[in-house]
Amino acid sequence: MNKMLKALYVLAWILFIGLCIRTGVILVTFLISIGINPEASSNLYEGLDLSSVMDANWVHYTLITGLIISIWALKSWMLFGVIQIFQKLKIQDPFHFSISKKITQISHVALLVGVLSILSFAYGRWLVDQGLMLNHFSESVRGGMEFLFMAGIFYVFAVIFRRGVEIQQEHELTI
Amino acid sequence: MNKMLKALYVLAWILFIGLCIRTGVILVTFLISIGINPEASSNLYEGLDLSSVMDANWVHYTLITGLIISIWALKSWMLFGVIQIFQKLKIQDPFHFSISKKITQISHVALLVGVLSILSFAYGRWLVDQGLMLNHFSESVRGGMEFLFMAGIFYVFAVIFRRGVEIQQEHELTI
Amino acid sequence: MPIQVNLDVMMAKRKISLNELSEKVELTLSNLSILKTGKAKAIRFSTLEAICKALDCQPGDILEYIE
Amino acid sequence: MPIQVNLDVMMAKRKISLNELSEKVELTLSNLSILKTGKAKAIRFSTLEAICKALDCQPGDILEYIE
Numbered sequence: 001m002n003k004m005l006k007a008l009y010v011l012a013w014i015l016f017i018g019l020c021i022r023t024g025v026i027l028v029t030f031l032i033s034i035g036i037n038p039e040a041s042s043n044l045y046e047g048l049d050l051s052s053v054m055d056a057n058w059v060h061y062t063l064i065t066g067l068i069i070s071i072w073a074l075k076s077w078m079l080f081g082v083i084q085i086f087q088k089l090k091i092q093d094p095f096h097f098s099i100s101k102k103i104t105q106i107s108h109v110a111l112l113v114g115v116l117s118i119l120s121f122a123y124g125r126w127l128v129d130q131g132l133m134l135n136h137f138s139e140s141v142r143g144g145m146e147f148l149f150m151a152g153i154f155y156v157f158a159v160i161f162r163r164g165v166e167i168q169q170e171h172e173l174t175i
Numbered sequence: 001m002n003k004m005l006k007a008l009y010v011l012a013w014i015l016f017i018g019l020c021i022r023t024g025v026i027l028v029t030f031l032i033s034i035g036i037n038p039e040a041s042s043n044l045y046e047g048l049d050l051s052s053v054m055d056a057n058w059v060h061y062t063l064i065t066g067l068i069i070s071i072w073a074l075k076s077w078m079l080f081g082v083i084q085i086f087q088k089l090k091i092q093d094p095f096h097f098s099i100s101k102k103i104t105q106i107s108h109v110a111l112l113v114g115v116l117s118i119l120s121f122a123y124g125r126w127l128v129d130q131g132l133m134l135n136h137f138s139e140s141v142r143g144g145m146e147f148l149f150m151a152g153i154f155y156v157f158a159v160i161f162r163r164g165v166e167i168q169q170e171h172e173l174t175i
Numbered sequence: 001m002p003i004q005v006n007l008d009v010m011m012a013k014r015k016i017s018l019n020e021l022s023e024k025v026e027l028t029l030s031n032l033s034i035l036k037t038g039k040a041k042a043i044r045f046s047t048l049e050a051i052c053k054a055l056d057c058q059p060g061d062i063l064e065y066i067e
Numbered sequence: 001m002p003i004q005v006n007l008d009v010m011m012a013k014r015k016i017s018l019n020e021l022s023e024k025v026e027l028t029l030s031n032l033s034i035l036k037t038g039k040a041k042a043i044r045f046s047t048l049e050a051i052c053k054a055l056d057c058q059p060g061d062i063l064e065y066i067e
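Protein chains in written order, with full-length UniProt numbering: chain A, 1 to 175; chain B, 1 to 175; chain C, 1 to 67; chain D, 1 to 67.
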């Protein structure tokens with residue numbers, strides 16, 4: 001059982017580092033595209049091509065790229081929260097107030113990721129309707145509904161966990 | 001707090017019914033496409049067009065449609081598990097063995113959804129590489145990584161919850 | 001059970017019924033009977049206090065260690 | 001605290017140190033001191049039994065109700 005938790009902890013680190021790299025790369029190519037070489041907008045990250053948006057309107061370009069970067073950064077933060085929980089968690093004595101706060105925080109971040117993803121998806125669709133080409137865009141902001149659902153799950157978990165903290169405190173004072 | 005839980009419970013029902021309808025519709029159009037009218041394969045569900053696969057090879061067609069249907073059915077089942085947990089959950093007294101079992105079960109279903117989604121996505125990509133046209137396919141099986149992540153979260157939750165059940169049992173026998 | 005709960009003895013001495021005690025001590029009947037039948041694993045000091053007050057006795061009158 | 005834990009009195013009578021008792025009763029020192037200082041909320045029957053056995057006394061010698 002503890003091995004499984006360790007495997008998940010390592011997996012969380014891998015996903016976190018992966019997401020940080022993704023976020024860093026797209027941030028750098030975005031900065032290059034607006035500062036040095038506009039060509040960079042045709043391949044921001046693994047084929048993500050927003051050059052058509054950039055040519056049309058830099059406000060839309062900055063906004064939609066900013067949304068993608070924010071979503072990825074928030075996802076990284078969410079995973080970092082999960083990592084912190086793993087670090088604090090003791091299976092024999094799991095219910096602590098600090099963890100309960102972290103879970104609530106993750107639930108809020110997941111909510112934000114979900115809402116931003118759905119908004120960005122709709123925004124991208126609207127840009128396509130305006131006749132612009134967005135290549136590999138929808139993959140960048142997918143999973144919005146899943147994150148909303150996750151936010152709900154984490155919220156319920158936080159509520160249950162808070163009750164666990166109360167019960168465990170009494171348990172610790174039962175000698 | 002209780003209001004929030006009720007809102008989430010209603011949301012889970014809505015999502016569940018929505019998923020059931022989706023699964024039912026695609027199942028029916030699939031059956032029509034293989035039994036009555038092959039034309040149905042060009043619009044299985046909201047623009048999902050697998051007619052090119054059907055024309056090329058019915059084994060691939062059945063396999064890939066079967067995968068989509070299985071994934072959606074499993075997602076519905078997962079949501080039904082969440083609904084059942086909501087029904088059993090009492091906030092003052094949340095830790096019960098039956099709920100702990102349900103959470104473990106949901107974690108297994110989420111794992112299956114994640115693995116099947118990733119497989120189907122890769123399978124669809126391979127079919128495209130063979131020169132076939134798959135319209136609106138990737139949306140049907142997206143979110144694989146998110147479901148794997150969710151499976152891990154549910155697993156950790158199940159482990160913590162099981163400890164909660166132990167502590168609560170002692171708590172109930174402390175008079 | 002080397003620790004015996006002699007709640008019934010004290011209740012008989014004080015002529016108090018289970019219902020009366022349950023009200024005075026603010027415990028449910030089911031919890032009181034868990035205590036009386038020795039199924040409880042632990043006792044809260046607040047419960048012990050309420051029982052001692054209601055039955056006008058000492059903890060030693062209710063709890064007994066039998067070797 | 002209307003329920004007083006007289007663990008120190010009994011320990012003094014039996015000439016047993018906290019370390020010795022902790023070993024005999026299989027409780028950590030920190031848990032024993034929670035009990036001694038009256039910070040505990042409840043006591044397990046198993047703990048009560050182990051203490052009574054170790055100190056050769058009755059629950060009434062350790063727990064006292066003060067009005």
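Just so you know, these hints were derived from the structure itself, not from any lab. The reader is advised that the hints may include incorrect statements.
[To be verified] Here are the simulated DSS-like cross-link-like pairs (lysine-lysine), alpha carbons at most 30 Å apart as the crow flies:
no., chain 1, residue 1, chain 2, residue 2
1, C, Lys24, B, Lys90
2, C, Lys36, D, Lys15
3, C, Lys24, D, Lys13
4, A, Lys101, D, Lys39
5, D, Lys15, C, Lys13
6, D, Lys13, D, Lys36
7, D, Lys39, C, Lys24
8, A, Lys6, B, Lys6
9, D, Lys13, A, Lys101
10, B, Lys101, A, Lys102
11, A, Lys3, B, Lys6
12, C, Lys41, D, Lys53
13, D, Lys15, C, Lys39
[Unchecked claim] The calculated label-pair distances, taken between Cβ atoms and stated as ranges, are:
no., chain 1, residue 1, chain 2, residue 2, range
14, A, Glu139, D, Thr28, 52 to 62 Å
15, B, Asp93, D, Glu64, 32 to 42 Å
16, A, Ala122, B, Lys6, 24 to 34 Å
17, A, Asn57, B, Lys3, 54 to 64 Å
18, D, Cys57, B, Ala7, 30 to 40 Å
19, B, His136, A, Lys88, 42 to 52 Å
20, C, Leu29, A, Gln169, 22 to 32 Å
21, C, Leu29, B, Phe97, 18 to 28 Å
22, C, Asp56, D, Glu23, 33 to 43 Å
23, C, Ser33, D, Lys15, 38 to 48 Å
24, C, Ile66, B, Leu11, 14 to 24 Å
25, B, Phe97, A, Ile34, 55 to 65 Å
[Stated by the list, open to error] With the Cβ distance kept under 10 Å, some of the chain B side facing chain A (calculated, not the full set):
no., residue
26, Asp49
27, Phe86
28, Phe95
29, Gly131
30, Ser138
31, Tyr155
Just so you know, even glycine gets a beta-carbon here, dropped at the ideal spot from N, CA and C.
Give me the numbers of the hints this structure contradicts, sorted from smallest to largest. Violated hints (numbers, rising): 2, 3, 5, 8, 9, 11, 13, 17, 18, 24, 26, 29; every other hint is consistent with the structure.
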